[in-house]
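> Letter by letter, the chains look like this.
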Amino acid sequence: MLRVYLDHMATTPVAKEVLNEMLPYLENRFGNPSRAYDLGFEAMDAIDKARERVAGLINAEPEEIIFTSSGAEANNLAVHGLANANKTRGKHLVSSLIEHHSTLNSLRWLQKQGFVVSFAGVDRHGEVDLNQIEKSTGKATVLVSVMLANYEVGTIQPVKEIVEIAHEKGALVHVDAVAAAGNIEIDVKALGVDALSISSHTMYGPKGAGALYLRGGLRLVPLIYSGVQEEGLRGGTENVPAIAGFGKAAEMAEKGLGEIERVRWLRDMLVESVLEIEDTELTGHSEKRLPNHASFIVDYIDGEALMQALSFEGVYIGNGTACISQVLRASPVLIAMGYPSRRAQSSAVFSFGRINTKREIEYAIDRFYLAVKKLRKISPFAR
Amino acid sequence: MAEIKFVSGIRADATEDVVFRMCPMHLMRTEDRMKELKKGQILEVITDYEGSLNDIPEWCRKTGNELIGVDDNGEFFKFYIRKTSD
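First to last, the protein sequences are chains A and B. Note that the first sequence covers residues 18 to 400 in this note's numbering. Note that the second sequence covers residues 37 to 122 in this note's numbering.
No lab work stands behind these hints, which were simulated from the structure alone. Ideal Cβ positions, reconstructed from N, Cα and C, are used throughout, including at glycine. It cannot be assumed that every hint is accurate.
As the list claims (entries may be wrong) - Listed below are several chain B residues computed to face chain A (Cβ distance under 8 Å; list not exhaustive):
#1 Val55
#2 Phe56
#3 Cys59
#4 Met64
#5 Glu111
Stated by the list, open to error - Derived Cβ-Cβ restraints for the label pairs, each shown as a range:
#6 A:Asn49 - B:Thr120: 34 to 42 Å
#7 A:Leu43 - B:Ile46: 49 to 57 Å
#8 B:Glu67 - A:Thr254: 18 to 26 Å
#9 A:Thr28 - B:Glu67: 38 to 46 Å
Just need the whole structure built from these sequences, with the hints factored in.
Below, the structure is given as structure tokens:
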């Protein structure tokens with residue numbers, strides 16, 4: 018049986034080159050980077066090299082990169098850290114209804130600490146309502162946090178416009194770019210953002226490493242207290258193997274963006290085939306979306322059941338953000354986009370990677386047709 | 037604890053902002069930044085860390101740099117250090 022992995026939004030396999038970069042730091046080069054002897058220096062050199070590579074991917078300066086344990090930690094650090102660092106100026110935050118849980122739950126915690134948060138809505142295509150961002154951003158707003166691209170529907174947000182609105186009112190902008198990194202070009206200087214989160218494991222790096230870009234000169238309150246690590250902004254002995262692997266993955270992503278057109282072609286092929294099935298709808302924006310992302314509502318079918326049925330055939334897809342699909346049946350993102358609850362339970366998300374081939378996609382389409390047919394046959398809602 | 041002079045309105049040649057950065061960044065960054073300054077120039081170090089009231093005077097004493105004083109009128113401490121030798 019062929020195994021076709023089409024859930025690159027959830028995670029990606031570790032590239033061979035990345036693994037090779039990591040191995041010495043799991044074997045002989047095990048030193049603590051804070052130690053002033055050769056074993057420590059070579060570990061610190063690995064971190065420095067990774068920092069340069071990660072900075073290169075997003076056009077940042079190396080000293081603007083703070084390594085974290087994950088994209089979620091980077092989002093937590095940005096939201097908590099920037100809100101608390103600026104709370105004497107104001108206690109108002111702006112975000113959107115379709116953010117990742119690491120951002121949403123950080124904001125909810127801050128609400129309990131006395132911050133006021135405005136959540137902007139999105140349109141039918143999952144694009145954040147700029148009017149709502151503009152209306153809710155005021156003098157007391159210290160931070161606007163939005164994602165660059167959405168995990169579930171692939172929509173790319175108008176970040177540049179959001180930055181213009183926020184900066185005019187004196188607010189900082191944090192962007193969650195975990196879903197976007199490695200799939201579209203990211204230039205922190207061109208976007209004008211103040212902070213930006215990325216993750217290693219969604220771009221062929223290992224799990225256990227993420228990064229927050231923090232524009233030079235900005236203050237940030239740490240989340241994890243210790244000492245000198247990450248210039249005193251993130252404590253804990255560095256995960257050297259994962260960071261080294263993350264660096265290699267970032268370098269490869271920069272070069273690998275050239276392959277995205279082939280991935281886009283595969284994606285388009287699948288979209289065309291899926292939409293030939295009756296009662297299916299592409300969710301998210303048809304153009305302003307990640308080139309490796311296709312998401313649908315497949316009416317009369319439970320998204321979780323479809324995901325599982327396909328996995329038995331060796332085809333792995335998603336049905337929303339990985340961490341919520343286990344507990345919530347309906348996607349909050351689709352609800353925010355205006356879909357009724359029953360339809361929002363029928364979500365199927367395909368996210369492609371550079372490992373995918375035409376043959377794999379043809380196989381996945383074939384299995385998808387069969388699974389939909391089978392599940393609709395037993396669905397109490399199907400016509 | 038060494039005696040500290042409280043000052044205001046000092047004009048510095050360079051600023052090192054270590055607000056919210058964990059100890060010992062107030063010393064590490066001060067040391068690094070001082071290397072870039074010339075003899076006679078003044079470094080301003082901004083920090084929220086109360087331990088700096090002990091550490092920075094002590095660091096100045098050890099390194100022979102002159103602690104002009106600290107400005108505590110704002111939200112954070114601002115230390116002024118004059119470099120005494122190249």
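> Would you mind marking each hint as holding or not holding in the structure?
Here is how each hint holds up against the structure:
1. Val55: holds (5 Å)
2. Phe56: holds (5 Å)
3. Cys59: Status holds, d = 7 Å.
4. Met64: holds (7 Å)
5. Glu111: Holds - the Cβ of Glu111 of chain B comes within 8 Å of chain A, reaching about 6 Å at its closest.
6. A:Asn49 - B:Thr120: 34 to 42 Å: holds (35 Å)
7. A:Leu43 - B:Ile46: 49 to 57 Å: About 51 Å separates the Cβ atoms of Leu43 of chain A and Ile46 of chain B, which means 49 to 57 Å holds.
8. B:Glu67 - A:Thr254: 18 to 26 Å: Taking Cβ atoms as reference, Glu67 of chain B and Thr254 of chain A lie about 23 Å apart, which means the hint holds.
9. A:Thr28 - B:Glu67: 38 to 46 Å: At roughly 42 Å between Cβ atoms, Glu67 of chain B and Thr28 of chain A fall inside 38 to 46 Å, so the hint holds.
Hint violations for this structure: none, all hints satisfied.
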